[in-house]
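**Q** Sequence:
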Amino acid sequence: MSPETWALFVPAAFALNMYPGPNNVLAMTNGARYGFGTALLASAGRFPPFAGFVLGAAVGLGAALAASAEFFTAIKIAGAIYLVWLGLKMVLGGASDLTEAEGSSRLAALARREFLTAITNPKAMLVFTAFFAPFVDPTQPAFGQILQLGAAALALEAVAVALYAFAGSRLERFVRDARRLALVNRISGTALIVAGALLLFARRPAQA
Numbered sequence: 000m001s002p003e004t005w006a007l008f009v010p011a012a013f014a015l016n017m018y019p020g021p022n023n024v025l026a027m028t029n030g031a032r033y034g035f036g037t038a039l040l041a042s043a044g045r046f047p048p049f050a051g052f053v054l055g056a057a058v059g060l061g062a063a064l065a066a067s068a069e070f071f072t073a074i075k076i077a078g079a080i081y082l083v084w085l086g087l088k089m090v091l092g093g094a095s096d097l098t099e100a101e102g103s104s105r106l107a108a109l110a111r112r113e114f115l116t117a118i119t120n121p122k123a124m125l126v127f128t129a130f131f132a133p134f135v136d137p138t139q140p141a142f143g144q145i146l147q148l149g150a151a152a153l154a155l156e157a158v159a160v161a162l163y164a165f166a167g168s169r170l171e172r173f174v175r176d177a178r179r180l181a182l183v184n185r186i187s188g189t190a191l192i193v194a195g196a197l198l199l200f201a202r203r204p205a206q207a
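Residue numbers (numbering that gives the first Met the number 0): 0 to 207.
Rather than coming from a laboratory, the hints here were simulated on the basis of the structure.
One or more of the hints may lead you astray.
[As the list claims (entries may be wrong)] Derived CB-CB ranges, DEER-like:
| # | residue 1 | residue 2 | range |
| --- | --- | --- | --- |
| 1 | 104 | 142 | 24 to 34 Å |
| 2 | 133 | 40 | 26 to 36 Å |
| 3 | 108 | 80 | 16 to 26 Å |
| 4 | 165 | 9 | 15 to 25 Å |
Note that the Cβ used here is the ideal one computed from N, Cα and C, for glycine as well.
Please work from the sequences and hints to get the whole structure.
**A** As structure tokens, then:
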């Protein structure tokens, strides 16, 4: 791939990674509640699904998802239900959500949230598929190019996660008060509920 392609891809991909989607909302919330390190480690849960989406884009699964109304709808509904459930749990739980869990059990629970939030979002695979396409040289095999682009996108995702976790960690002192912590939970939970509702009404891309 040419330097010109990379010069276009990297800033565009980073802008996409920085979009405040459900996983990034979780990273910021975790940073505020549990600190930068815990939020960063918990974010590892999103990377297996994202890596799978990259591989899926390389082998054409994204196109299959876009073409199958039933497949898209099933994943979309599952993802919307999970986001709304998680959001309601955070809103109704106030300051108590995961505060009593300690150490590895808390980290595992946070990573599991990241994993489930990522894997139940069909739009993520479609974004990978649609976003990579303009940067692929049609005169060269697509598989290797998409893997390269995907590896770069995942590296940039790690940078974006770190920035969101760091931004959240700046609020850590603020949320030491139980009422403030409950407020952060309600705001974050509401954001996830809205994201779930938007996902539920997302449309499958029209086929040419």
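**Q** Check each numbered hint from earlier against the structure, then list the numbers of those it violates in ascending order.
**A** Failing hint: just 1.
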